[in-house]
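4 protein chains.
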Amino acid sequence: MSNPNPIFIPGPTNIPERLRRAMDVASRDHRAPDFVDLIRPVFENLKPVFGTSAGQVVLFPATGTGGWEAAITNTLSPGDTVLAARHGMFSQRWIDLCRRHGLDMRVFEAPWGEGVPVEAFAKALAADTDHRIKAVLATHNETATGVRSDIAAVRQALTVADHPALLCVDGVSSIGSLDFRMDEWGVDLAVAGSQKGFMLPAGLAIVGVSPKARAAMETATCPRAFFDMRDMMAANAAGSFPYTPSVPLLCGLRESLAMLAEEGREAVHARHHRIAEGVRRAVAAWGLSLCARRPALYSDTVTAILVPDGYDAGALVAHAYTRYGVPFGIGLGDVAGTVFRIGHLGQMTDVMALSGLATAEMAMVDLGYPITLGSGVAAAQAYYRETAAHAVPAAAAA
Amino acid sequence: MSNPNPIFIPGPTNIPERLRRAMDVASRDHRAPDFVDLIRPVFENLKPVFGTSAGQVVLFPATGTGGWEAAITNTLSPGDTVLAARHGMFSQRWIDLCRRHGLDMRVFEAPWGEGVPVEAFAKALAADTDHRIKAVLATHNETATGVRSDIAAVRQALTVADHPALLCVDGVSSIGSLDFRMDEWGVDLAVAGSQKGFMLPAGLAIVGVSPKARAAMETATCPRAFFDMRDMMAANAAGSFPYTPSVPLLCGLRESLAMLAEEGREAVHARHHRIAEGVRRAVAAWGLSLCARRPALYSDTVTAILVPDGYDAGALVAHAYTRYGVPFGIGLGDVAGTVFRIGHLGQMTDVMALSGLATAEMAMVDLGYPITLGSGVAAAQAYYRETAAHAVPAAAAA
Amino acid sequence: MSNPNPIFIPGPTNIPERLRRAMDVASRDHRAPDFVDLIRPVFENLKPVFGTSAGQVVLFPATGTGGWEAAITNTLSPGDTVLAARHGMFSQRWIDLCRRHGLDMRVFEAPWGEGVPVEAFAKALAADTDHRIKAVLATHNETATGVRSDIAAVRQALTVADHPALLCVDGVSSIGSLDFRMDEWGVDLAVAGSQKGFMLPAGLAIVGVSPKARAAMETATCPRAFFDMRDMMAANAAGSFPYTPSVPLLCGLRESLAMLAEEGREAVHARHHRIAEGVRRAVAAWGLSLCARRPALYSDTVTAILVPDGYDAGALVAHAYTRYGVPFGIGLGDVAGTVFRIGHLGQMTDVMALSGLATAEMAMVDLGYPITLGSGVAAAQAYYRETAAHAVPAAAAA
Amino acid sequence: MSNPNPIFIPGPTNIPERLRRAMDVASRDHRAPDFVDLIRPVFENLKPVFGTSAGQVVLFPATGTGGWEAAITNTLSPGDTVLAARHGMFSQRWIDLCRRHGLDMRVFEAPWGEGVPVEAFAKALAADTDHRIKAVLATHNETATGVRSDIAAVRQALTVADHPALLCVDGVSSIGSLDFRMDEWGVDLAVAGSQKGFMLPAGLAIVGVSPKARAAMETATCPRAFFDMRDMMAANAAGSFPYTPSVPLLCGLRESLAMLAEEGREAVHARHHRIAEGVRRAVAAWGLSLCARRPALYSDTVTAILVPDGYDAGALVAHAYTRYGVPFGIGLGDVAGTVFRIGHLGQMTDVMALSGLATAEMAMVDLGYPITLGSGVAAAQAYYRETAAHAVPAAAAA
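Residue numbers (UniProt numbering), protein chains in the order written: chain A, 1 to 398; chain B, 1 to 398; chain C, 1 to 398; chain D, 1 to 398.
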């Protein structure tokens, strides 16, 4: 018998039926005169999700990694100094990608479980009086550690230092799920991907671009062609793409944006918070700790949980998958083996979350963890009960 | 946000992805010479699911109710005496249908929660020395009460009485999920439907026909046309249907039969038992009782649960649906208001079942039931843990 | 390589992408309180397609044959006299079905290729002064011969004779595609099916019921249970069905009705006429004749073509299917072997029709027909060019 | 009414039903231990389609343009000399891309309608005795002009000159449809895309890599990160990807490769040739000329047709789309306005091709072209009839 269980990895998410259907389309001519009727609303409707009206949003047939590359190669030049922090697998990878493109990375090491070291950044920016730093990288939501950083504070550091560096934010696992305010926070490049808050398969890098970032493209000299944003923006303005787009993903994104708009952005954020908080209540009931070091850092899209000393988180994830057919996220990089992750972004209901928690409990007990069956579930149930104001009948899935 | 929760009604079931895909087909010519290549294996592969090699299985574009009608109108004549028991909503409806077709129903009343009253049947059959009783109706699995009856015992009663009546069995919510032995039990007409153990949408009445039932068609005089089995069998033998079939459902059924065969019938039955037993452990932990009066009657496809005195089971089901987006089965007929039902047939995993149990707990606590959150979940978890020998990775869903 | 050619059988039709997607849905609880939100608009939106505001439309999980049975068993009694004409395979089958239900059929034989013999009906009705005739059957569009009959004229005959018989119309291959005016024509029972003008798979009998027909149910004594319309109407009024409905087909029908409404009924009829007329131009260019004996009878949903003497139409259809992968309709019954049929109802464009005509030409030439390649195509092209006022870009398929 | 006509653009192609279904999948964990079971056969089964056993094939979530970039940035260094020819829009774009990455392009101009100028290449290679040329670019099938070049001859030129340059081939619109022999022709980098011969949506760059190309990666210094092949190959070898892959496209590619293998590569090539030749017969019957200058250059995947003097090919394409809902390919770059293109790759049957030809005829006559309706269709019909040895029943589409 095949296995219909939900998945609890922090992306790709459980794809809603409605998006499955929206993507199941025949080929159409991407050079036809009415193709613009498909894509123009997509570009418009992406803006509020990024929190921008001044900027624009571009799409690449790639992944979030491609979005990182597009962001930096279009706006920076080899040898440029870039400020960044390494506090998780994805911040680490972006740093590595920048180095490969010849950027001079000034990297702050932070504990995995901490957020962007805003104070260190502030000092570095204040000290950089000749503005050698051309860009600041910040990972809004570290998918590896379940840590959400304070992007407004990073902007504040730039403002205080009166520093002109571009602010480049990895919002791959936040945009579409968590509050994101590109204009208000002065984000110049915001990178998202289709397979997270947009609830689609991987395949689209979605990048918000501020007017300042757009201007930086005129002088940036990093080589780029596939990821050239000026080509992309010029084609988009004409209702097309520089190369063949994925029609299914565009149709899916159109529908995803419709779903987010119908629910309302604040309701989407509140829903993610509610689901996440239930998961955290369960973790507390288990007597376990989060990788994120304090509540201000808690991510509402993914929860990274420290396993007790002497246990192997990787074995736990493998066991849950093999025994119960439920995927959780393994620990990556510095926290491999010590954390497992519950992804709860996108179309995740309280009912689905409870099934994930119940599974995690069974798997932990199977492996000898000092956990009481039902304990985490009960804690989450109590929270979900109290907060179940916004019910949605099953039929709405259609 | 739309709602992707599983459903816990006793049919239609949660349709597996694989069957969703199998049904998503273009139209094809049902009179084309190669259409037989689609349908012939379907007819062949249905036989082992019904437990017959001597009989054959026919398909009507209808529902289980249509299957009941086909079974009796093709083999009986107005005025014929038919033995039956009323012990649930579906046995009651079949009796009503028979009456509309002019049959003389001799009905035993049994408590809802009891099975077919085999002893009463045995006495009636023994007393019917001139064989006025032409058919015996038995509901293998009463979907309304979660009661599985002993069809072998009914056959035994016929055998002991040396009685020639046809044995007509409603297997709508058992065939495909529970052990069913048409030949061994001497079942003459066995009625199933696509939306239960076959995990498809409603739309196919699936009827097993013994050679004796086939012979009875030659003399039966109940009017029938749409449901005429001789027309149907003749057309089927020629590789066609007397009228336009549903190609999507035939393609779905082909795939459903493949899934059942790949898993193995015994494994399918064992899986249903395991899931059901976990649900029953939860009910016990809640301190509640089943509608089914004793373990021998417990159904492995649906569990009907008595709510405590003073509570309204209908309100519970409505609340779970409205608040949490999870459908359970309401009580029907004589048990309306006093039972709610958890359907757990078809593609139901332990993980899904736990989400249903967790939801039922929240809903009961919301409505003031004396239930402890997590209690039923923990009892089911304990059982599922112990019995989780046959794990299936999520990927197998493809 | 699989074969994506259109089909040219007169139902099931080529299913539009939009309906394929609409039907690809998960199970939902058909007893849930919001199920009515799905079905109520379906019932309302069916009415204008049937041309009724006084009547109502009911749905059975069956086929058109089931619709015939529902129409007559709910409104007539065994022994009732029914007036009918046999002028094609489907009128013949309905007569046979009536006989099986004990009706006294008074049948006029008409040539296959002629319509309902209105004058003969008029005489019979005028002569029936004691109103023994309880119902008149008329096949609006004989799918076997491509003949559309004049239902308004049948009503006129009833009116002139001041005859109270019910007017029962088989609109299976007309309703949804051709102009149908249930109220204006005084049709009491109008039978349609999902797999024709509604462009869905088979599986729904769709029956329009006039108030007079509804009243007749109170006294009709033909046995019925699965097809009992009073049960069905009572359940529908309460937002449900007496037994499990097919959610995919209901969702598909909802979308089909939306498509028909968006295009506009008159535009739908005009489109069918345009496509059909192009096909007829091709037939004329081939030097062949239609089965339908004169233009007033020409059907806009299916064209039945007489093959030249000495040729076997069945072999032609088999050859086109085997050699080119294109299904046409074979001749049925009295015209088996002498006609082949091109179905052009539902989602059929001029471009698709041309591919069918081009295929028919190749197949005929292959088999030695005296046909010039391209001749019929050119005639149809000329007509389609002149009439191609209402173009639809391919992208609208989404 | 929506529009179900086939499309005749040279990619994306008409997606087969079977691939539509294969791609309609739920999310799964790309880090799970059994993910390798999905991807390993894909990688293996790609090799014969590329004609390689010595090389390997990698997949990027990108398009053919991304494949070009991956090919050159992984194997070349800024300042390297690269030999190329500009004889169509896609060869021109690859040259432009190379320049952006700092390569020193030595470009031969050839007429659009000619193939790769092998003799000029041969001379240049022979003259390059100090091996400054590091790579030779060749466009196997120029999608803009319908020209297939002789890659074996390019290899021969390298061999004669005993030149070590890498041979990089754009096979985007050939691989999977036309004969391609990576090993035999000594191709070092072969670029394909999912939306052409693989019949999928855009979204995968598929690149064949020879051992020599693999070795070149160790010294190449063009910056790359997203497109880094060493990272990709290392991850693939471990059963994973360096970033989130598109599960639907991988499932689709698995099925596409199964389809190609079932049909057989030679049969696939022969089928493309047959369809293309019918189209060319039609063009000749119209009295028009191909952009490709002589038969040896004719492409079997796309036919570029020169419109008569005084006509605007772009207007023709727009008219066919707007009036008949059929997309053809416009002329690009130097041949914009003077050619229109009929794409006939992937799942294109003779019947579909005839509908495209019939549409082109109507559109041309609408715009005053001196064309006789039916003429091209008849010529193609005659050819298709003669060559219709391998028929496929429609049902095989399932």
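Note that these hints are calculated values from the structure, not bench results.
A few of these clues could be false.
What the hints assert, rightly or not - Counterexamples of contact, computed for chain A against chain B with all Cβ distances above 10 Å:
1) Pro6
2) Glu119
3) Arg230
To be verified - To give an idea of the chain D side of the interface with chain C (calculated C-beta under 8 Å), a few residues:
4) Arg21
5) Tyr324
6) Gln347
7) Asp350
8) Val351
9) Ile371
10) Leu373
11) Val377
12) Ala378
13) Arg385
14) Thr387
This structure is a prediction, so every number in the text was calculated from the model and none was measured.
Backbone N, C-alpha and C fix where the C-beta goes; we use that ideal spot for every residue, glycine too.
Evaluation of the provided hints:
1. Pro6: For Pro6 (chain A), whose nearest Cβ neighbour in chain B is about 8 Å away, the distance does not exceed 10 Å, so it is violated.
2. Glu119: Given a closest Cβ separation of 37 Å, the condition holds.
3. Arg230: Since the minimum Cβ distance to chain B is about 37 Å, Arg230 (chain A) lies beyond 10 Å and the statement holds.
4. Arg21: violated, 10 Å
5. Tyr324: Holds, because the Cβ-Cβ distance from Tyr324 (chain D) to chain C comes to roughly 6 Å (cut-off 8 Å).
6. Gln347: With Cβ-Cβ at 6 Å, under 8 Å, it holds.
7. Asp350: Holds, because the Cβ-Cβ distance from Asp350 (chain D) to chain C comes to roughly 7 Å (cut-off 8 Å).
8. Val351: Nearest chain C Cβ about 5 Å off; hint holds.
9. Ile371: violated, 11 Å
10. Leu373: Check passed: Cβ of Leu373 (chain D) comes within 4 Å of chain C, closer than 8 Å.
11. Val377: Interface hint status for Val377 (chain D): holds (5 Å vs cutoff 8 Å).
12. Ala378: holds, 3 Å
13. Arg385: holds, 5 Å
14. Thr387: This interface hint is violated because 11 Å lies over the 8 Å limit.
Hints 1, 4, 9, 14, counting from the list given before, are not met by this structure.
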